[in-house]
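Number of protein chains: 2
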Amino acid sequence: MLFSKSFIPILKNNPSEAVIKSHKLMLRTGMIKQSSAGIYSWLPLGFKIMKKIEKIVRDEQDKIGAQELLMPTIQSSEIWKESGRYEDYGEEMLRIKDRQNREMLYGPTNEELITDIFRTSVKSYKSLPQLLYHIQWKFRDELRPRFGIMRCREFYMKDAYSFDITDDEAKFSYNKFFLSYLRTFKRLELSAIPMAADTGPIGGNLSHEFIILADTGESKIYTDKRIFEVNSDNTKVNKESLIDLRKDFEKYYAVTDEKYDKKIFEKEVPEEFRLKTKGIEVGHIFYFGDKYSQAMKASVDYQGKKEFVRMGSYGVGVSRLVGAIIEAKYNENDEIMKWPISIAPYECAIIPFIDKKNNTNLEKSKKVYDHLLKEGIEVILDDTDENFSSKIKKFNLIGIPFQIMIGNKTEENSFEFKELNENTQNISLEKIIKIIKNKKK
Amino acid sequence: MLFSKSFIPILKNNPSEAVIKSHKLMLRTGMIKQSSAGIYSWLPLGFKIMKKIEKIVRDEQDKIGAQELLMPTIQSSEIWKESGRYEDYGEEMLRIKDRQNREMLYGPTNEELITDIFRTSVKSYKSLPQLLYHIQWKFRDELRPRFGIMRCREFYMKDAYSFDITDDEAKFSYNKFFLSYLRTFKRLELSAIPMAADTGPIGGNLSHEFIILADTGESKIYTDKRIFEVNSDNTKVNKESLIDLRKDFEKYYAVTDEKYDKKIFEKEVPEEFRLKTKGIEVGHIFYFGDKYSQAMKASVDYQGKKEFVRMGSYGVGVSRLVGAIIEAKYNENDEIMKWPISIAPYECAIIPFIDKKNNTNLEKSKKVYDHLLKEGIEVILDDTDENFSSKIKKFNLIGIPFQIMIGNKTEENSFEFKELNENTQNISLEKIIKIIKNKKK
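Order-wise, the sequence lines are chains E and G.
For the first sequence, counting from 1, position 107 maps to 107 in the working numbering; every step adds exactly one.
For the second sequence, counting from 1, position 375 maps to 1375 in the working numbering; every step adds exactly one.
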């Protein structure tokens, strides 16, 4: 991509309406644009990042055998009346009347709709377990939407649902998602801690939130630092291995303020391991047994009778993750953001010093650009005549992990190359390509 | 995928509520499930097909230099009041009041929102042309939704918008999309004819519909058969080559009944080339100059003054294409559907004859299955104990282009292999793999 052809409307300064750093950075680098209160358009830069996150989320769902489908955004109120949540949900549910005066709504979550799909499709326990997910826009009519896409109204979410015949099998499904979430966040270079959580309006009695640390987080968290050492790399998708993983985490105290108890914290956690900080919720999983299947009569044939299926639900905020990653990784003092290469909008930026009277540097840059493209590297070349130092400032904010600077002093095959937050080196194009490809692995 | 683990709820018979063949087939093979009038969930089989179509549509947009972004589904009424379409749009627009009593709506199209994005982002003509697109759910509150996903309320659409400084440049953009649509439909193995069309509520004076032939189509079409011979394979993305392509098509009469004139048809088209038939609209492109940019004050600096940009819009119904392809390709008499391999839900089906007392055939099948997976072929194995003939019937409907039948007579390395609508052959697994891979190219 040539910067002059791109659609990346950069702002010179931080926008005054933004308070937290992800909101500031996303507006400033033209990742998003607000279209109305709590509703955003994703411009090309932000869209690319979100799509790459979506792909990783999808990939980790597929790996545990979940199947993707897609439910609509607009739902009938009927099924919500069956489950009893139509009244409960309150004003956060966007209620709609269509031209025939039918009561509809914009789905804030999909337990009802997936249960309806399941009950008309699956008749026998032999088809279980079923793990189904979709990645779809949701709407929650927040009273005071704020913080950009972190607390907005229309948001993009992966929600999965599991169906099993026994509690024991259902917990196996729950644990599969538990593992898949750890793997997902790890691929996004986030340290997410699973924390026992309240179940709220979803219901049930087993639930974990996945929280990443960030100073600007909305949740206070209390944990034992040793929890960061729990490793799931060797966990296998079988019952025993997953139970062991859960136990490894449960050894350590880790709760949000909802469940915090000072006495227990101080009793269980030696002083040197105590961590009180703030965090952001990036995922939430629930096991709620037959709460919905009983209300909505979703049963299968099992041992000669109808048995209500046991269900869980599993959410990851895909659009929210974009903001959460910025909150975790953006160095606001130095104005440097660095995206993990797996989700960076481009892998490498070429930043030439351009003199209006002399286009030698631009020509050098185009050669490098063509070469990197041929090597399968996603690259953007800043061919505009903006001055060099403001180009650098701009690319530090955009957060592409690698930069090649091209100026009058650039020699035949020795380029000023920099990984963000590291030192500049002068090396050949071949070495640059090798370094970038190595990082992508 | 093992069929026993899949979520493909097949119906034994055609559903009584469906009239046209795509609707029947999609319900019968568990591709979709209606959730309320004109609103559908896409189950895994249908979802896979739609996603593959989406990928081809996206790829052809990228190839002409269009950039992807994503606008939200819920829009503010403000911008529609600016353009003057808020009242015009009538009851097909789903109007919503949020909890603050603000007038919102579910976007039926995005001319207003993209114009708003453009006017706050682009200031100079030097950034033009801009071709922007998104693939997003839309809602049109049809009075009588019917024919499944062909005339539904919530639908998935690619809509693109072009911004240029002069009429001449804008027509160049228009022609780029004209070409990209021909290429898109060709990759979907559809013969789509571009036909001069009325512009309707979008406005403007230049417009083409892309129509595919299908007996069940909703539009009557009148054309010169020689139009099918026009070839865009060698067309290049430059002004002259694209103008030539447009001229090649314009040589031949091709209109829908809206624009049909019997006298002209019979005067211009020699009798042997006259074709009167029915068709389905799969794409629609519009050029409307400064209709929206003037109303919404979207201008750029050009030659010392503000100039309103010239715009066009370009739609492809992604969800609708799934149905349109079925209408064009499903042989309802023989109950055989065959998906083009580029968008087939799986590339090959393995169909074993399974005897409950003897699992030799299932074991043979699993070996073949593992082998094909290793070769990167998307394969589904029917490991259920359904009887063999009803398995065949089922897979003829599902439409996976290749089948391997495994029975008691199957020898060491000679398999009964069939491409749908072709003869069965007995060949080795290596040959099978070669045939499938060749087809994928």
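Some clues are possibly wrong.
Unchecked claim - As a list, the in silico DSS-like pairs of lysine-lysine whose alpha-carbon atoms are at most 27 Å apart:
id	chain 1	residue 1	chain 2	residue 2
1	E	Lys297	G	Lys1081
2	E	Lys5	G	Lys1236
3	E	Lys239	G	Lys1440
4	E	Lys267	E	Lys220
5	G	Lys1033	E	Lys63
6	G	Lys1364	E	Lys126
7	G	Lys1437	E	Lys55
8	E	Lys55	G	Lys1063
9	G	Lys1063	E	Lys367
10	E	Lys236	G	Lys1367
11	G	Lys1367	E	Lys63
12	E	Lys52	E	Lys437
13	E	Lys259	E	Lys278
14	G	Lys1063	E	Lys51
15	E	Lys329	E	Lys225
16	E	Lys63	G	Lys1374
17	E	Lys440	G	Lys1052
18	G	Lys1441	E	Lys55
19	G	Lys1052	E	Lys63
20	E	Lys12	G	Lys1441
21	G	Lys1367	G	Lys1440
It should be emphasised that the hints constitute simulated quantities derived from the structure, not laboratory data.
Right, here's what the structure says about each hint:
no.: 1; hint: E:Lys297 to G:Lys1081; result: 46 Å, violated
no.: 2; hint: E:Lys5 to G:Lys1236; result: 20 Å, holds
no.: 3; hint: E:Lys239 to G:Lys1440; result: 39 Å, violated
no.: 4; hint: E:Lys267 to E:Lys220; result: 19 Å, holds
no.: 5; hint: G:Lys1033 to E:Lys63; result: 25 Å, holds
no.: 6; hint: G:Lys1364 to E:Lys126; result: 23 Å, holds
no.: 7; hint: G:Lys1437 to E:Lys55; result: 25 Å, holds
no.: 8; hint: E:Lys55 to G:Lys1063; result: 21 Å, holds
no.: 9; hint: G:Lys1063 to E:Lys367; result: 21 Å, holds
no.: 10; hint: E:Lys236 to G:Lys1367; result: 24 Å, holds
no.: 11; hint: G:Lys1367 to E:Lys63; result: 21 Å, holds
no.: 12; hint: E:Lys52 to E:Lys437; result: 17 Å, holds
no.: 13; hint: E:Lys259 to E:Lys278; result: 14 Å, holds
no.: 14; hint: G:Lys1063 to E:Lys51; result: 19 Å, holds
no.: 15; hint: E:Lys329 to E:Lys225; result: 20 Å, holds
no.: 16; hint: E:Lys63 to G:Lys1374; result: 16 Å, holds
no.: 17; hint: E:Lys440 to G:Lys1052; result: 26 Å, holds
no.: 18; hint: G:Lys1441 to E:Lys55; result: 24 Å, holds
no.: 19; hint: G:Lys1052 to E:Lys63; result: 20 Å, holds
no.: 20; hint: E:Lys12 to G:Lys1441; result: 47 Å, violated
no.: 21; hint: G:Lys1367 to G:Lys1440; result: 22 Å, holds
Figure legend: structure checked against the earlier numbered hints; hints not met, in rising order: 1, 3 and 20.
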